[in-house]
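For the sequence shown, the numbering used here assigns the number 500 to the initial residue and increments by one for each residue that follows.
No wet-lab data here; the hints were simulated from the structure.
List time: in silico DSSO-like cross-link candidates among lysine-lysine, alpha-carbon distance up to 27 Å:
hint : residue 1 : residue 2
1    : K507      : K530
2    : K648      : K700
3    : K690      : K844
4    : K779      : K530
5    : K704      : K872
6    : K700      : K863
7    : K679      : K690
8    : K679      : K544
9    : K779      : K529
10   : K642      : K690
11   : K529      : K777
12   : K690      : K872
13   : K529      : K507
14   : K704      : K642
15   : K690      : K863
16   : K869      : K704
17   : K863      : K704
18   : K544      : K863
19   : K872      : K844
20   : K700      : K544
21   : K844      : K544
22   : K575      : K779
23   : K679      : K872
24   : K869      : K690
25   : K869      : K844
26   : K700      : K690
27   : K844      : K679
28   : K642      : K679
29   : K844      : K777
Please read these numbers as outputs of a predicted model, since none were measured by experiment.
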Amino acid sequence: MSEIITLKGIAWDHPRGYEPLRATSLVFSKKHPEVRIEWDIRSLKEFGDIPVEDLIDAYDLITIDHPYMGQAHSNKLLVPLEERLSETALNEYRNQSVGPSFESYYYNGHLYALPIDAAALVSASRRDLISTLHLELPGTREKLFDFYKEVPTRYSIAWPLCATDLWCTFLTLCAQDGGKDFIENRRIDEKLGGLVWDELKAHLKHLHPESLNWNPIQILDYMVANDEIIYSPFLFGYTNYSREGYAKNVVHFSNSPTNPANDVSTILGGVGLAVSAKCKHVDLAVAYVDYVARAETQEDMYTQNGGQPGNLIAWESATNNLLCHDFFDETRTTMEKAYVRPRHKGWNEFQEQGAELLHNNLVKNSPSHKVMKDLNQLYQSIV
500 MSEIITLKGI AWDHPRGYEP LRATSLVFSK KHPEVRIEWD IRSLKEFGDI
550 PVEDLIDAYD LITIDHPYMG QAHSNKLLVP LEERLSETAL NEYRNQSVGP
600 SFESYYYNGH LYALPIDAAA LVSASRRDLI STLHLELPGT REKLFDFYKE
650 VPTRYSIAWP LCATDLWCTF LTLCAQDGGK DFIENRRIDE KLGGLVWDEL
700 KAHLKHLHPE SLNWNPIQIL DYMVANDEII YSPFLFGYTN YSREGYAKNV
750 VHFSNSPTNP ANDVSTILGG VGLAVSAKCK HVDLAVAYVD YVARAETQED
800 MYTQNGGQPG NLIAWESATN NLLCHDFFDE TRTTMEKAYV RPRHKGWNEF
850 QEQGAELLHN NLVKNSPSHK VMKDLNQLYQ SIV
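Please build the complete structure, drawing on both the sequences and the hints.
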């Protein structure tokens with residue numbers, strides 16, 4: 500009997516993050532009896548903040564956020580997948596990308612992960628309550644302020660504005676107002692950023708008071724358990740909450756409000772699956788990554804086990820849209836026009852510290868000129 504090879508992977512702590520990986524690992528092991536795949540989990544914040552350097556010695560398979568690509572490239576932390584996959588397979592993944600997901604894992608000509616999960620900031624609503632109240636969801640940020648006035652006082656609107664999500668919302672509004680190139684020479688346009696900062700403070704007056712502390716999961720958990728929060732205009736969508744039986748109530752997802760002046764939606768999120776450069780069984784690890792990212796796996800097993808697929812075939816599936824109350828059809832425009840964050844070395848460190856800087860200053864109600872000056876000084880000091 501041949502020796503069992505164990506691959507270790509690190510996922511993130513939500514059923515969307517680990518259940519589909521556990522399910523696909525079991526099937527992969529049936530196809531490859533010599534392989535076992537074990538998964539550990541980390542918090543959502545750790546997923547966004549823990550450096551890849553801290554993971555590559557302990558794990559063969561790493562779920563990763565695309566802003567780490569520059570760091571991974573510079574320090575040779577991950578296996579370049581274009582060296583291990585056929586040109587045919589690469590072209591299929593490129594053609595089956597949901598928005599810019601596939602390209603976001605390319606850096607300097609190297610592909611360091613495959614998109615197994617696609618996401619961007621979208622809007623979430625309790626459609627049952629919205630319908631009862633005869634409200635119409637806002638399509639633009641300008642109409643969002645009108646929407647606040649129409650919501651009866653017993654109901655509320657929430658944004659996830661903990662540090663990490665405040666950061667994503669701030670960048671989203673900057674991209675909507677200034678286009679995708681509002682960051683130049685590693686500097687954020689201070690006038691643009693200042694206007695966005697002032698607008699964020701204006702929105703804050705209308706939001707549920709816990710918004711400053713919540714992440715998307717906390718808001719969605721509250722929305723499905725209570726009949727108070729009826730709308731969140733900018734949060735990372737989770738198909739789990741749009742499925743019958745997942746929770747007490749169903750949340751519907753749709754495109755976020757935009758600025759019609761620019762053809763930009765919201766910030767790109769999602770998850771890539773990468774192979775550690777320290778992996779001792781690279782061929783098997785890459786074979787698993789390839790298996791999970793394939794259209795047939797994504798469309799069926801991955802989605803059926805609570806995953807939010809990263810493959811367009813899965814997004815176009817009538818079965819999956821029926822399962823998730825049209826989550827994929829209703830948010831696809833947002834995905835196609837999503838803003839991709841910078842990915843150069845040092846960006847992830849700036850992102851973590853910049854998020855805390857913004858959050859601390861929002862709590863203090865700091866003026867925009869001070870916030871933007873401090874933010875750009877931080878940017879320059881890191882990179």
